[in-house]
Amino acid sequence: MAWYIGRRILQAIPVLLGSTLLIYAMVFAMPGDPIVALFGEKPVSEAVRSQIEQQYNLDKPFFVQWLLFLGNAAQGDLGMSFSGRPVSELLAETIPVTFKLALMALVIEAVLGIIAGFYAGLKRGGIFDSTMLVTSLLVIAVPIFVFGFVMQLTFGVKLGWAPVTVGGDASWDRLIIPAFVLGLVSFAYVLRLTRTSVVENLTADHVRTARAKGLTDGQVNRRHVLRNSLIPVVTYLGADLGTLMAGAIVTEGIFNIPGLGNLAFRAIQQKEGPTIVSVVTVMVLIYVVMSLIVDLLYAWLDPRIRYA
Amino acid sequence: MRTRRTALAGIAIAAAASLMLGACSSGGDDDGGSDSTDAVITAYGTEPQNPLITTNTNEVGGGNIIDLIYAGLVSYKADGSQELEVAESIESEDNKVWTIKLKDWQFTDGTPVTAQSFVDAWNYGAAEENAQLQSYFYYPIEGTDDEGVILDKGTEMSGLKVIDEKTFEVTLKNPEALFPLRLGYSAYFPLPEVAFEDMEAFGKAPIGNGPYKLEKWENNVEAVMVPNPDYKGNRPAKNGGVTFKFYTNPDSAYSDVQAGNLDILDQAPPSALATFKDDDSVQAFESPGTVNGTITIPESLKHFSGEEGKLRRQAISRAIDREEITEKIFEGTRSPSTDFSSPLMPEYREDIPGSEVLEFDADEAKRLWAEADEIQPFTGKFVVAYNGDGPGNKEWVEALTNQLKNNLGIQAEPKAYATFAELRTKVTDRTIGTAFRTGWQPDYPSVYNYLGPIFGTGAGSNDGDYSNKEFDKLLQQALSAEGDEQADLLAKAQEILFEDLPAIPLWNTNVAAVAAKGVENVEFNWQNKPEYQNITK
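Read top to bottom, the protein sequences are chains A and B. Once you know that position 150 of the first sequence is 204 in the numbering used here, the rest is easy, because the numbers rise by one and skip nothing. Once you know that position 126 of the second sequence is 230 in the numbering used here, the rest is easy, because the numbers rise by one and skip nothing.
If you are wondering where the hints come from, they were derived from the structure by calculation, not from laboratory data. Be careful, since some hints might not be right.
[What the hints assert, rightly or not] To list a few chain A residues with every Cβ distance to chain B over 12 Å, as calculated:
1. R61
2. D87
3. R103
4. A127
5. T250
6. A258
7. I303
8. L317
9. I322
[To be verified] Calculated pairs, DSS-like style, for lysine-lysine (alpha carbon to alpha carbon, straight line, at most 25 Å):
10. B/K633 - A/K114
11. B/K530 - B/K181
12. A/K212 - B/K621
13. B/K577 - A/K212
14. B/K181 - A/K114
Note that beta-carbon positions come from the ideal geometry of N, C-alpha and C, so glycine has one too.
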């Protein structure tokens, strides 16, 4: 087991190197000169310009910029933003907020999606099942910002039940509506996955055996149907945490949440290389770690899988 | 193992349920505003892009904060006229050498504001090694180059001299009667001694001498300012403080104003422009503004130089129905230009001879274009470049090129650049090869500021490389004139521009702002900003 985990972590290193190189190349290829943008429509002195270029290593070829970034990053220095603050500090401020938001969205979508999917699957073809299928289709089809604005207007502005925007106080209760919006699309997928899986498992051999043993319906459904139906759902949820964190950019914009998405958005606008690359690196790390956790969870859910 | 799993699910459901309940119970705990004069005003802001240093903050997010926590030699009233603030007197015999005497002021750390505080700050801002974004503003002072950077990698401008603790002398490159008017701008604010010990740390927690003190700057969240009890200038705080809440999206700020969670949003988002005036849940404000929009046609563009170019520029200007675009696309939130500046400027004149070129007249446009065609027939197409990241740019450039197509019968089309940075790069390295959108926000309240830096020969923001000796001469004379005489000279200079049209004035952006219900004393100044210190609720 330990050996397996170690190997997986080693595998993550080339993934990280490759992705940072790719992002650096893309930032470098972005059109426009960030320094000209800094000065707005005022003229820039050549001397001042080369000063700033040197300060942010912008005068070097991108491969050298990347190597410098890697070298510094290995020592814990992720570079500076144009506002003169260490990128590591910016990440430390924003990651917890977005992580909290994504985690809440994950819990909401998992709990609601699995429960609804489970019952829809058990009562296949019934009213509840049909309603859920239509609802999930609607949720998948309509862009997320539409739900965001509608919920903001309804619960925030009109009813006053929830804060309109989150701002600095990103506490659990203030994040509930944004998290719901963020998790909405995935909720639809979880629901559909669970439902299909449950329908399949209902006719599986081991379920029939369990029933033949004389277990009650409730016991069979919980222990044998649900548990086995969760394997594809867990895979999806694991990968989804990364997607949620990366996808939070829209939700964070609507509800003004000072998270990773907002940071990335601002950095891309200003073409702030080190910040963009650091944010993306964090995302890649989350994907790597989550897929490892998912693989380990398999062994627990399905006794046939063992890692040695 | 099984029991644990069931328990886990139970906990998860319970947690989710409690979160829902929490959301319901916490609703409406934001204060609706008590009617006292010490109420803290919350205002829309954006995260400062640079450290909060007076010489390095050139964008609006940081600029709003800097303007409230510092006081300069002069301050501006809402209408753009100036009053002495930290300065006791600003005098000059020849408009070239200025002697500035200071009042007895203190920074909020208790240290005195001295002549050295000003001289050191300006030198810091202009020194090449510090690469400050505001260096451009020092270009009038002797010892700097055209971009305001100190010559020969020096660290002190030769034009600045400290006489005694409360007096200093500024020598300009050229006589300039308007010089004191510049001094209310943030690049000319003083910095306390402690700043120079560690500018990096200072930029995170600046110490000023203005009506407010910065109490807290929480990155990406808010900047909290409390009144400075020792402030004795012209802009005393009439509220209990101002907090800028940072947004990345003005739409969500608008929703906050609607719900009463944000007191003032100085820029209604594009999505609300059509409706904000009729929105019952907010107070709407609309008034003329100072930012203008123009299209610059470079001298070097084929068919646009000499006599032919003059005719074509006039034809284009007359083929544009500004009224239609400002009404249909901007919902009346911009007003058609009547000159190269703004009606808010003190020297503004109505009906300058030649300004009729800004009025829509399709027949006259066709006639002028045909006249130009006689000199040399027009070939190719007329392209207007814009940056796609500016809201609404695409819509108006498309409408404008359509009008040119219909009214002149020529090929005209928009060209989009993804970002402002990309457009500006092409403009500054002169490789753009088309007409392009430009705009100007004045640095100080004077028509001169709309002319000199943009159309003067070789001037810093002369993106179209316009050059006219007579125009330069009139500007030079205007610089050393005063009062009505100066306004006359500036109007004469504009007459030349109406003839040559190095850029085609389109419109001025109106102030379109909203405040929450119950917010009072909202007044907008010549910079299109609310006078934050006067707002109460």
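We went through each hint and held it up to the structure:
no.: 1; hint: R61; in the structure: holds, 26 Å
no.: 2; hint: D87; in the structure: violated, 4 Å
no.: 3; hint: R103; in the structure: violated, 8 Å
no.: 4; hint: A127; in the structure: holds, 21 Å
no.: 5; hint: T250; in the structure: holds, 20 Å
no.: 6; hint: A258; in the structure: holds, 19 Å
no.: 7; hint: I303; in the structure: violated, 9 Å
no.: 8; hint: L317; in the structure: violated, 7 Å
no.: 9; hint: I322; in the structure: violated, 10 Å
no.: 10; hint: B/K633 - A/K114; in the structure: violated, 40 Å
no.: 11; hint: B/K530 - B/K181; in the structure: violated, 38 Å
no.: 12; hint: A/K212 - B/K621; in the structure: holds, 15 Å
no.: 13; hint: B/K577 - A/K212; in the structure: violated, 61 Å
no.: 14; hint: B/K181 - A/K114; in the structure: violated, 47 Å
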